[in-house]
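The chain contents come next:
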Amino acid sequence: MKDVLTSDATLVRDYIKGDEASLSLLISRHQQRIYSFVYSKVYDKDITEDIFQDTFIKVIRTLKRGGYNEEGKFLPWVMRIAHNLVIDHFRKNKRMPKFDNSGDFNIFSVLSDGDLNAEKQIIKEQVETDVRRLIEELPDDQKDVLVMRIYKDMSFKEIALKTDVSINTALGRMRYALINLRKLIDKHNIILTN
Amino acid sequence: MAHIYSKKKTQQGEGNYPKKETIQFLLNYSQALSVINYKGEKFEVLLN
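Chains A and B, in that order, give the protein sequences.
The first sequence runs 0 to 193 under numbering that gives the first Met the number 0.
The second sequence runs 0 to 47 under numbering that gives the first Met the number 0.
No lab work stands behind these hints: they were computed from the structure.
A quick note: this is a predicted structure, and the numbers were derived from the prediction, not measured.
Even for Gly, the Cβ is constructed at its ideal location relative to N, Cα and C.
Incorrect hints may appear among the rest.
[As the list claims (entries may be wrong)] Restraint ranges, calculated between C-beta atoms of paired labels, are given here:
1) A:ILE149 - B:LYS38: 47 to 53 Å
2) B:PHE42 - A:LEU170: 50 to 56 Å
3) B:LYS38 - A:LYS142: 39 to 45 Å
4) B:LYS38 - A:ALA117: 23 to 29 Å
5) A:ASP45 - B:PHE42: 46 to 52 Å
6) A:LYS16 - B:TYR37: 16 to 22 Å
7) A:ILE184 - B:LEU45: 18 to 24 Å
8) A:ASP87 - B:LYS41: 33 to 39 Å
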């Protein structure tokens, strides 16, 4: 009989072997955290229910197909799937905005605050993560210049001194860093917009 | 002693759970789904 002491890793392994009860235990163990996480982003019970369901459908399919690599990180993995589905939901809604047919004048349609809402905040985080990942792909010399210039806000003179090269070389590395980033974005078909 | 008329605090975790139907659906889906390996390709089969 399985209980609370059985680790996620064991349950996942048993589930992959065909023990369906292990899935039930995994879901009941983590349902609250995952559900609350999604709800905290979308603030809608029906949408939360849908995203929760889609998350576990993805989990089930991946596990049954043998696509999950057990590293003792079951919950973070499921949370990541839920997070990505939340982003997909917001992106989809952006393309197909809901039409409010109440006929009443809505003051919020002409007024808005300048802050990013939850949706834009999530997309912004995603874009920033994508950019960081792309920067990691650059050659070290170009990456260093770009990080110092953009993230540390250093001048090219300071960068040149720090890396022991001429200002022109630093400028050139920055130029190639940007060119290479654009190439990587094209190559991987990445969309960096908010 | 003064009465407190404010609303009762919601029970911990109340409303933070998916519906039972959703869980049941997932468990049924899992039981119905099987993956077949055929010549290096994986095929999903849903059995009712």
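Each hint tested on the structure:
1. The given range of 47 to 53 Å is respected by A:ILE149 and B:LYS38, whose C-beta atoms sit roughly 49 Å from each other.
2. Our hint of 50 to 56 Å for B:PHE42 and A:LEU170 holds, since their Cβ atoms are close to 55 Å apart.
3. Distance hint for B:LYS38 and A:LYS142: a CB-CB separation of about 43 Å, consistent with the stated range 39 to 45 Å.
4. A hinted range of 23 to 29 Å for the beta carbons of B:LYS38 and A:ALA117 is inconsistent with their spacing of about 46 Å.
5. Hint check: A:ASP45 to B:PHE42, Cβ distance near 32 Å, so the stated range 46 to 52 Å is violated.
6. Against the hinted window of 16 to 22 Å, the Cβ-Cβ separation of A:LYS16 and B:TYR37 comes to about 20 Å, which satisfies the hint.
7. Under the hint 18 to 24 Å, the C-beta atoms of A:ILE184 and B:LEU45, about 38 Å apart, miss the expected range.
8. For A:ASP87 and B:LYS41, the hinted distance range of 33 to 39 Å is not satisfied, since their beta carbons lie about 23 Å from each other.
Of the numbered hints stated above, those contradicted by the structure are hints 4, 5, 7 and 8, listed in ascending order.
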